[in-house]
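If you read the protein sequences in the order shown, they are chains P and E.
Here the numbering used here is used: position 156 in the first sequence is 154, and no number is missing along the way.
The number in the numbering used here is simply the position in the second sequence, starting from 1, with 1 added.
You may find that some hints are simply not true.
[As the list claims (entries may be wrong)] Here are the simulated PhoX-like cross-link-like pairs (lysine-lysine), alpha carbons at most 20 Å apart as the crow flies:
#  : chain 1 : residue 1 : chain 2 : residue 2
1  : E       : Lys135    : E       : Lys122
2  : P       : Lys100    : P       : Lys74
3  : P       : Lys117    : E       : Lys135
4  : E       : Lys66     : E       : Lys28
5  : E       : Lys558    : E       : Lys590
6  : P       : Lys65     : E       : Lys93
7  : P       : Lys148    : E       : Lys578
8  : E       : Lys122    : E       : Lys472
9  : P       : Lys92     : E       : Lys602
10 : P       : Lys92     : E       : Lys599
11 : E       : Lys124    : E       : Lys103
12 : E       : Lys558    : P       : Lys92
13 : P       : Lys74     : P       : Lys21
14 : E       : Lys408    : E       : Lys122
15 : E       : Lys19     : P       : Lys148
16 : E       : Lys28     : E       : Lys135
17 : E       : Lys602    : E       : Lys590
18 : E       : Lys205    : E       : Lys93
19 : E       : Lys590    : E       : Lys611
20 : P       : Lys92     : E       : Lys578
21 : P       : Lys74     : P       : Lys9
22 : E       : Lys367    : P       : Lys100
23 : E       : Lys590    : P       : Lys53
24 : P       : Lys4      : P       : Lys74
25 : E       : Lys122    : P       : Lys135
26 : P       : Lys117    : P       : Lys135
27 : E       : Lys590    : E       : Lys579
28 : E       : Lys274    : E       : Lys66
29 : E       : Lys335    : P       : Lys21
30 : P       : Lys92     : E       : Lys124
31 : E       : Lys183    : E       : Lys45
32 : E       : Lys578    : E       : Lys602
33 : E       : Lys602    : P       : Lys100
34 : E       : Lys167    : E       : Lys335
[What the hints assert, rightly or not] Non-contacting residues of chain E with respect to chain P, defined by C-beta distances greater than 10 Å in every case (computed):
#  : residue
35 : Arg139
36 : Ile140
37 : Glu316
38 : Ser318
39 : Asp336
40 : Ala358
Since the hints were made in silico from the structure, they are not lab data.
Yeah, the Cβ is synthetic: ideal placement off N, Cα and C, and Gly gets one too.
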Amino acid sequence: MEQTIKVDLSKIDNIIDRYHGNKEALLMIMQDISDIYSHVPPTVIPILVDRLGVKISMVYSVATFYKTISLEPRGKYIVSVCTGTACHVRGAEKIADALQQKLGIQEGQTTSDRLFTLKAVRCIGCCASGPVITVNKETYGGLDRTAAEKVIENYKQMPLNGTA
Amino acid sequence: MAILSNRESLEKFQDKLKSAQSHGKKKLVSLCAGSGCGAYGTAKVHHALMEELTRQNLTEDVEVKLTGCHGFCEKGPIMVIHPQGIFYPQVKPEHMSEIVEKTIKNNELVQSLIFKDPVSKAKITLEHDIPFYKLQQRIIFGNNGLIDPTSIDDYITVDGYSAMAKTLFDMTPEKIIAEIKKSGLRGRGGGGFPTGIKWDTCRKHHGIRYVICNADEGDPGAYMDRSLLEGNPHSVIEGMIIGAIAIGSHDGYVYVRHEYPLAVTNLTIALDKCREYGLLGKNILGSGFDFDINISRGGGAFVCGESTALMASLEGSPGRPRAKYVHTVEKGFKDGPSNLNNVETWANVPVIINNGADWYAAIGTKHSKGTKIFSLVGKVVNTGLVEVPMGTSLRTIIFDIGGGIPKKKKFKAVQTGGPSGGCIPERFLDLGVDFDELSKVGSIMGSGGMIVMDQDTCMVDVARYFLDFLKEESCGQCNPCREGIKQMLEILTSICQGNGKEGDIEMLEELGVMIQRFSLCGLGTSAPNPVLTTILYFRDEYEAHIRDKKCPAGVCKPLFHYEIDPETCTGCRSCAKKCPQEAIAGDKKKPHSLDQSKCIKCGICYDTCKFDAIVIR
Ligand SMILES: Cc1cc2nc3c(=O)[nH]c(=O)nc-3n(C[C@H](O)[C@H](O)[C@H](O)COP(=O)(O)O)c2cc1C
Ligand code: SF4
Ligand code: SF4
Ligand code: SF4
Ligand code: FES
Ligand code: FES
């Protein structure tokens, strides 16, 4: 299902306008772009340089410094396993193991059908319900191996036509 | 034109809201919509409740409030029915018709839903009788369960913005600062710097001054800032406005993690409402004072919580700390004098102004005043957010409020202060928690993370865990931090894999001292703490790993295996049914056996066996 990502330039312009073309908002602008395309597509980088008046090296250094930004395309569903301390002592590692097995990928990778990206995050602030995972913006708490696998299964069953 | 154009209009509006409340609907259902309860399905419960109320024609008589976090997140979704204060934990959509029929219409209890205390097994009906809440003093967090965070009117009803009005019209900036100094308030972000002194210093420097709120909350396992911003954003905003009046600033920023979407949403709504009401923007309440607040979303870097890194990030650059020859109160964001305080620090400010410095200073210990919110998590029965006076003992927090350790396991340690803190063993449980006491035993109170560990937690693994975290989070610009952490992590990893050797412990200590001494920022200088405290208090566990090649807690996979004790095994077959490897076999009601060659040490059998027949060897 390899496909090149079509970028709707008017959407990018809208995002930049929302921050009044303010270069201090570079990180937030890239986060908003990531929310739409799951990453910052290379084609938008010259636009950022042009409209915000920042150096291209700045765009790359911000993009690589902050973990919320990816320059690589990611899956439709981003599965984040919390490995924060509270979740760690409650067995987050076992959840991570189970998900790696279930999806057949390692942490940081994307499934070949581009459906899932698995990543580890350090605390999402639901520590009392640990171990927790998030799938895009949904949070699932109080998990064990089987419950975590079930969450993934539910997403696999979902119709594909929804927008990411 | 702003809705509230002067102080009188605020007061009149407040009176109107209060009398409407006292003459209003008889029943109030407070349903927690914080992130924790949300994860357990608040939205569906809310939908079912509204449908049921509509069906029964009760929407006119019953008010339903979606609130922020009540603190007892593990039992979510939480519902409290007022005026009585009836507490129903873990409510589900299918419970709604019974709750409406019995409790809301007829003031009867739904017996099956009443909270059962996990320790005493007693059934407890009212929220304030539950031990988890009873021993707390919730002066900062208490309003969370009463207000809808998206309603500015709710906040104004609980005397919101009166403290701001008082500082605008009755107090000079000097008087405000004197009051904060007298209260003894110290920063809740971890450092414990006296807030009044920081404001005073910032005020004395010239230039465009900035007031900033640190909502980066990078400490893994801590979430009180998230819950305050989500559940009571106006208390933080009011604190910041008062700070701005005192310091003489017109520009405010909240630096909040991108991973906290609900906090960002609720804060955005709150700020818009403030502008609409005339509580932010030009000429606040007709006083002539201008102030506004912007939101900046951080990108998930722990180091960005450090003050200089945070300001670099606000400016749109990678968040790398700089040397603090010049402090940020003198030259910070855009080179202006910048006053940074933590979310909880800001939320304390209106409470102090409303109740007076003397009232506030009477709470807490000699050098740590007021209350502190702790994130009580990990291996503890009642997990959640706990607000207690400074000086409350670890034992009270973990055992009386927290209900102790689940599954009859033994307490081993409590980790405080996050990656900059340490692990405190059982013998110090009677220490009162404040800025000074915990540092005497090598840890810190920090921002309030309190992670409880039991006999199944390996302390060497915990030390390895924190260094692994810090290796990822080090910004890499100075050698001792970047290389030192990497080397310490290599040693710890090899110990956990069974390759530890004599001299490793001493090497870790040496490296630790070097990193503490020569790193540039607080991340590096505190990074060795989790390792050094675990060596100090759990040296025998390190030695078991290195000399005996054993992990007594059964965490480091190469250093232990599971066995079935034939004396205790009842042959109930529970473990055999669950083992994903089919490694367990045996006849019903006869002792089972475990095939080591098939076992992947997933621990499912260990967690399953009710008879403690699976043992770690
Ligand atoms: C590595 C590092 C991370 C920090 N993270 C935070 C944080 O997430 N939140 C916070 O309020 N303070 C954090 N701090 C402390 C801040 O630098 C600063 O002292 C604090 O925000 C000041 O506010 P306060 O005086 O109200 O505590 C961190 C410090 C360091 C060295
Ligand atoms: S101590 Fe570590 S995090 Fe701090 S500036 Fe140095 S390398 Fe960066
Ligand atoms: S640890 Fe896991 S694989 Fe090994 S016997 Fe137990 S359940 Fe089976
Ligand atoms: S669960 Fe425990 S008691 Fe039951 S068969 Fe397994 S080891 Fe024996
Ligand atoms: S540690 Fe997992 S959500 Fe905080
Ligand atoms: S989120 Fe509901 S009690 Fe904390």
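When you check the alpha-carbon spacing of P:Lys92 and E:Lys124, does it fall within 20 Å? 34 Å, violated
Compare the distance between the alpha carbons of E:Lys558 and E:Lys590 with 20 Å, and conclude whether the hinted pair is satisfied. The hint is violated at about 30 Å.
Non-interface claim for E:Ala358 versus chain P (Cβ beyond 10 Å): 32 Å, holds
CA of P:Lys117 to CA of P:Lys135, is that 20 Å or under? 14 Å, holds
Straight-line alpha-carbon gap P:Lys92 to E:Lys602, limit 20 Å: Cα-Cα ~10 Å, so holds.
Since E:Ser318 was said not to touch the interface, does its Cβ keep a gap of more than 10 Å from each Cβ of chain P? E:Ser318 is in fact no farther than 10 Å from some Cβ atom of chain P, at 7 Å.
Checking one constraint from the list: CA of P:Lys4 to CA of P:Lys74, max 20 Å. Satisfied? 15 Å, holds
P:Lys65 paired with E:Lys93 [C-alpha distance capped at 20 Å]: This hinted pair is violated, its Cα atoms lying about 36 Å apart.
10 Å Cβ clearance of E:Glu316 from chain P: For E:Glu316, whose nearest Cβ neighbour in chain P is about 6 Å away, the distance does not exceed 10 Å, so it is violated.
E:Lys578 and E:Lys602: Cα distance at most 20 Å? At roughly 16 Å apart (the allowed maximum being 20 Å), E:Lys602 and E:Lys578 satisfy the hint.
E:Ile140 clear of chain P by more than 10 Å, beta carbon to beta carbon? 21 Å, holds
Given the hinted pair E:Lys205 and E:Lys93, is their alpha-carbon gap at most 20 Å? 55 Å, violated
When held up to the earlier numbered hints, the structure conflicts with 3, 5, 6, 8, 13, 15, 16, 17, 18, 22, 23, 25, 30, 31, 34, 37, 38 and fits the remainder.
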